[in-house]
Amino acid sequence: MGRLQEYKMNKEDFPIFQNHKDLVYLDNASTTQKPKQVINAIKEFYETSNANIHRGIYKLSQKATEKYENSRKIVAKFINASQKEIIFTKSTTEGINFLAYTINSIIPKEKDEIVLTEMEHHSNLVPWQQLAKRKNMKLKFIKVKDDFTLDMEDAKRKITNKTAILSVVHVSNSLGTINPVKALIKISKEKGAITIIDAAQSVPHMKVDVKNIDCDFLVFSGHKILGPLGIGVLYGKKHLLEKLQPFNFGGGMIKKVSLENAEWDSIPEKFEAGTQNIAGAVGLAEAIKYIEEIGIENIEKKEKELMKYALEKIKDIKDIKIYNSEKNSAGILSFNLKNIHPHDIASLLDDYEIAIRAGHHCTMPLMEKLGISGTARASFYFYNTFEDIDKLVEGLNKINEKFNN
Amino acid sequence: MSHDNLSEKMYREHILELYRNPSNFGEIKNPTHKHTETNSLCGDEITVQLIIEDEKISDVKFNGSGCVMSMVSSSLLTDKIKNMKITDVKKLDKKDILELLKISINPARLKCVLLPLDSIKGALK
Chain A
176 MGRLQEYKMN KEDFPIFQNH KDLVYLDNAS TTQKPKQVIN AIKEFYETSN
226 ANIHRGIYKL SQKATEKYEN SRKIVAKFIN ASQKEIIFTK STTEGINFLA
276 YTINSIIPKE KDEIVLTEME HHSNLVPWQQ LAKRKNMKLK FIKVKDDFTL
326 DMEDAKRKIT NKTAILSVVH VSNSLGTINP VKALIKISKE KGAITIIDAA
376 QSVPHMKVDV KNIDCDFLVF SGHKILGPLG IGVLYGKKHL LEKLQPFNFG
426 GGMIKKVSLE NAEWDSIPEK FEAGTQNIAG AVGLAEAIKY IEEIGIENIE
476 KKEKELMKYA LEKIKDIKDI KIYNSEKNSA GILSFNLKNI HPHDIASLLD
526 DYEIAIRAGH HCTMPLMEKL GISGTARASF YFYNTFEDID KLVEGLNKIN
576 EKFNN
Chain B
1055 MSHDNLSEKM YREHILELYR NPSNFGEIKN PTHKHTETNS LCGDEITVQL
1105 IIEDEKISDV KFNGSGCVMS MVSSSLLTDK IKNMKITDVK KLDKKDILEL
1155 LKISINPARL KCVLLPLDSI KGALK
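Those protein sequences? They're chains A and B, same order as listed. If you're matching positions, the first sequence starts at 176 in our numbering and goes up one per residue. If you're matching positions, the second sequence starts at 1055 in our numbering and goes up one per residue.
Accuracy of the hints is not assured; some may be wrong.
Said to hold, decoys possible - Here are the simulated lysine to aspartate or glutamate pairs, EDC-like style, with alpha carbons at most 20 Å apart: (1) K577(A) / E1067(B); (2) K513(A) / E1071(B); (3) K315(A) / D287(A); (4) K577(A) / E1071(B).
These aren't lab readings, by the way, just hints derived from the structure by calculation.
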């Protein structure tokens, strides 16, 4: 580990681990635990700054507005966007649904195809199925190869002049595969498609720079990056957000209203109707500050070491099948034990205080392609330790014994 | 361990034994009724095939793949409904399944043990 240990990548800042001393938490792809700094920032907001934002003339409202907008600034800087390009949402899912409902306002009528991949989470699949049905569009799926990576030759065939939208997961929540989003976007741009990245599993774990990737839109959730539940982010390029129709209408998003008509406010307010999750935004900003203090590159490095160690240890377990693209994968480890259902693995690991997820991980079409009903999935974050992995391996060996005796 | 070992209680040896050697697993050639039910939790499917004669279940088989809980529950339930009147089968509920299993079920796994009942009820619709 060497230098990495200088950073506070441990469990001490996380109250959940004080309250559950034996907990081995390996379900970070679902949600991450929260450091006390984030919990305190939310508490402090409610205790010292709580008021509704915008148009409050009094000092407290101005303070709340400042905190909210400062949070936007912190998020923007973190992914190399500008402040006006950040819209707060509830979650990744909400961000994608928002786009699925509004995107027709910026795509040319003659383009009628939506390109996704076979490894999308249901949240980046079902909203597009619905859009395709509403607008009579066609869905196309880039194939996943046997090594659990995307078939880029297939991508080149499927992305054409008819492609209106390319929406792709950056890191697969089921396999951990890191997709070559930059290359996919380049191909799509040449064909004039709008590009969307589901970054729910990448932003918390690696440097994501929207200018470098050059995507038109990118979505992620706060709770997967140490932030509170119920806050998410939609990034969009300024010139596109300006053209995009709002989805939620009401207070806070208008410039002028008469009984019959309304004019929209400028971006990003145009997309934030109703009272926003102000404390959520404040908590997310604090989470990002926490991440930046450690350094996202250091987090990436630590997770790589954890994953390398896990793969090394787990491969010797009897009758294990691993679904992982070793050369290009983030800290997500999907596997099955022969003749043991993933839910049985998860139930039994729970006895050893090991929390993993089991099932289809909201990627049913991918599971069907792999010919399985689901997998057991351990997913890491920087606060996990090598000891956590040892306990997982020990637990899996015990389960094997129980079933095979 | 800091809490009750619920799973340890669920996965007793007699349960695992039944999982390894399920009863009524397989197919009936010409069923009068058939239904497949999916567990939304995991996507597992259980298909139930029935032969109904004189308002009674004269034969039943199930197939599909699933976890220990759904397989064992299917075995026990199909044993129970053999020769039962349809009107009585329709009255079966969660309580009856838990009685059959004779183990406490972790709430997260209730859907798994109720899957065969849903499948049988679907076949009788």
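Hints, one by one, checked against the model:
{"no.": "1", "hint": "K577(A) / E1067(B)", "verdict": "holds, 9 Å"}
{"no.": "2", "hint": "K513(A) / E1071(B)", "verdict": "holds, 17 Å"}
{"no.": "3", "hint": "K315(A) / D287(A)", "verdict": "holds, 11 Å"}
{"no.": "4", "hint": "K577(A) / E1071(B)", "verdict": "holds, 11 Å"}
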